[in-house]
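Undergrad: Chains as they are written, first to last, in my numbering: chain A, 1 to 105; chain B, 106 to 461.
Bear in mind the hints are in silico, worked out from the structure with no lab data behind them. Treat each hint with caution, since some may be false.
Simulated crosslink set (DSS-like; lysine-lysine; CA at most 30 Å straight-line) [stated by the list, open to error]:
1) A/LYS43 to B/LYS163
2) A/LYS15 to A/LYS57
3) A/LYS90 to A/LYS100
4) B/LYS163 to A/LYS15
5) A/LYS15 to A/LYS43
6) A/LYS57 to A/LYS90
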Amino acid sequence: MASTKRQRPPTLTGKEEVVLRLLVSGGPQYGLQLVSSSDGHLKRGTIYVTLGRMQEKGYVESEADPSAADDLVLPRRIYRPSGYGLQVLKAWAQMRQTLKWEVAR
Amino acid sequence: MSGTIDPQPVPGSRLRVLAENLFDRATFERYIAPAIADLQFECGAEGPSVGVRHPLRKRCQAYWAVMRTMAFCLVGRGSSGATHGILVRAGAIFVLLTTAMLWLSFSDRGVFDRVSPAEGLLLLGLLLPSAAAVTLPLTVLACGSLRSIWRPRGDRASRCPADVARSIVGLSVIAAAINLILVNFLVPVANQSYREQIYNHLSASSTWVSVPKGDNERTFSELREDARNLVWTVDDRTRARLALHQRFAIPAAAIVFGLLTFSVGWRLYRRSRPMLMAPGIFGAAFIAYFFAWQGGRYLALSLRVPAWLGAWAPNILIAAFALLVLHRTVVQLADDPAAGDQMPGDGQSGAGAARS
Chain A
1 MASTKRQRPP
11 TLTGKEEVVL
21 RLLVSGGPQY
31 GLQLVSSSDG
41 HLKRGTIYVT
51 LGRMQEKGYV
61 ESEADPSAAD
71 DLVLPRRIYR
81 PSGYGLQVLK
91 AWAQMRQTLK
101 WEVAR
Chain B
106 MSGTIDPQPV
116 PGSRLRVLAE
126 NLFDRATFER
136 YIAPAIADLQ
146 FECGAEGPSV
156 GVRHPLRKRC
166 QAYWAVMRTM
176 AFCLVGRGSS
186 GATHGILVRA
196 GAIFVLLTTA
206 MLWLSFSDRG
216 VFDRVSPAEG
226 LLLLGLLLPS
236 AAAVTLPLTV
246 LACGSLRSIW
256 RPRGDRASRC
266 PADVARSIVG
276 LSVIAAAINL
286 ILVNFLVPVA
296 NQSYREQIYN
306 HLSASSTWVS
316 VPKGDNERTF
326 SELREDARNL
336 VWTVDDRTRA
346 RLALHQRFAI
356 PAAAIVFGLL
366 TFSVGWRLYR
376 RSRPMLMAPG
386 IFGAAFIAYF
396 FAWQGGRYLA
406 LSLRVPAWLG
416 AWAPNILIAA
426 FALLVLHRTV
436 VQLADDPAAG
446 DQMPGDGQSG
456 AGAARS
C-alpha cells in the first residue's frame, strides 16, 4: 500500500509530525502514551484515526502487544516509526529548514 | 467462601461487538481495536482494584475516545457495506425530497424570484423536518435491497436470517421512534413557520400576519380537541380525527416497511433470486402505499369509511402483503429446508438455485 502512495510527494500534517517525533524520541509507544507525552498536542479522540491514517500511508508500523493472552480483552497496539516514515520526517524537516532560509533571505 | 464469583463483564465488550458489526474487518483492526484495547487497559480489565485507581471521569473519557473514533470512521471511511449503503440511501432520499419540496413550493406560488438567498436558506431549513419525516420510512424500505445485509458471513449457522431480522427490526424501530417525535413535535412548528414566511412574502401588508393553522400544523393536543369538538361539523371532526391517526400511521410505516423489507429480502435470498429485483418490488410497494394513502384519505373524508381506517389503510395493505410473502417463505422452508441455501449470484449449485 505504501508503495502506491510513494508515487506522490509525501505530505506530513502537524499531528503526524508530532507523532513521528514522539515515536523517534520516546521509542515504540501505545496510542494512549502518545497522548500523555504530547503535552496536549494530541487529543485522545483523534489519535487512533491519526495513527490509522499514518499506518495506511506507511509512516508507522504497529504490532499487537505480545503480553496480552486473553481472548476477551483486545491486545493493545504498539506503534513504531517505519523506515519510510523516518525518511519523510527527515525530508520534511530539511524542506522546512530550506524554506525558512529562503524566506529569511 | 467456596462459592464461585461471577466474572465481571469486560469493559467495552459491548462496544466491541457493535463496532465489529458496524465496520469492515480492516477498519476495525486498524482504527477501532486500538482504541478499545486502550479503553480496556485503562478501565481495569486486568483486575478489580483498577476501578479504584481510575475514577468515573477517566472511564467516560475512554469511552468518549472510542465513540469519536467510531464516528470518524462512520463518516469518513470504512463502515461496513450495509451501514454505508443505508447512509448513502438515506442521504440521497433526503436531498431529493428536500429539493423537490422546495421546488414545488416555490414554483407553485411564483415566489422563487422574490426570495433572497438568506430567506431561501431559512425556508430550506424549515422544510428539513418534513423531509426527514418522509426520509426515515423510505430509508427502511430502500435498505432492504442491500446485498451486504443478506450476504452470509462466517459459518453456515450465521446464514440464519435472525441477525438480519434483528438489524432490520432495530433500524425500523429507531426510525419509527425518531419519526414519531418529528411528526408530532417538530414538523407542525416548522410547517407553520414555513407557511407564515411564504404568506408574508406574498402579502402586501407591512406588518407580520399570522396564518391560521392547517391540519398538518396543529399540535397533537389541538387536533385532539378538534376531534372532540361537538360544535364543529362532522366533516371537520373527521378531518381532525384523520390527521390525528396519521400522526401515528406515518411513524408506523417505518415498521411496516421494515417487515416488508425483511419478508421480501428473505424470500429472494431463499429462492436465489437476484437481489436487483428488490428495488422494483419496493418501488411498486411505495406506489401502492401512496395510492392507498390518497384513497384512504378520500374515503375517510367522504365519510364512507371510519377515519382510523382511512389513515391506517396503507399500513394494513403493505403489512398484509408482507405477511403473505413471509408466510409463503416459511411454508416453503418447512416443506424443503435445504432449498435456497445459496446466495444469489453464488453460482447455480444447490436445490434452490436449480428450482429457480
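Undergrad: All the hints need checking, so say for each whether the structure fits it.
TA: So, going through the hints one by one against the coordinates:
Only pairs whose Cα atoms come within 30 Å are accepted, and A/LYS43 paired with B/LYS163 is accepted, the gap being roughly 14 Å. Taking the CA atoms of A/LYS15 and A/LYS57, the gap is near 14 Å; set against the 30 Å cutoff, the hint holds. Annotation: proposed proximity of A/LYS90 to A/LYS100 holds, straight-line Cα distance about 15 Å (limit 30 Å). For the given pair, B/LYS163 sits about 23 Å from A/LYS15 by alpha-carbon distance, which is consistent with the 30 Å threshold.
With a CA separation close to 10 Å, the supplied pair A/LYS15 and A/LYS43 stays within the 30 Å bound. Of the pairs offered as hints, the one joining A/LYS57 and A/LYS90 holds, with about 16 Å between alpha carbons and a cut-off of 30 Å not exceeded.
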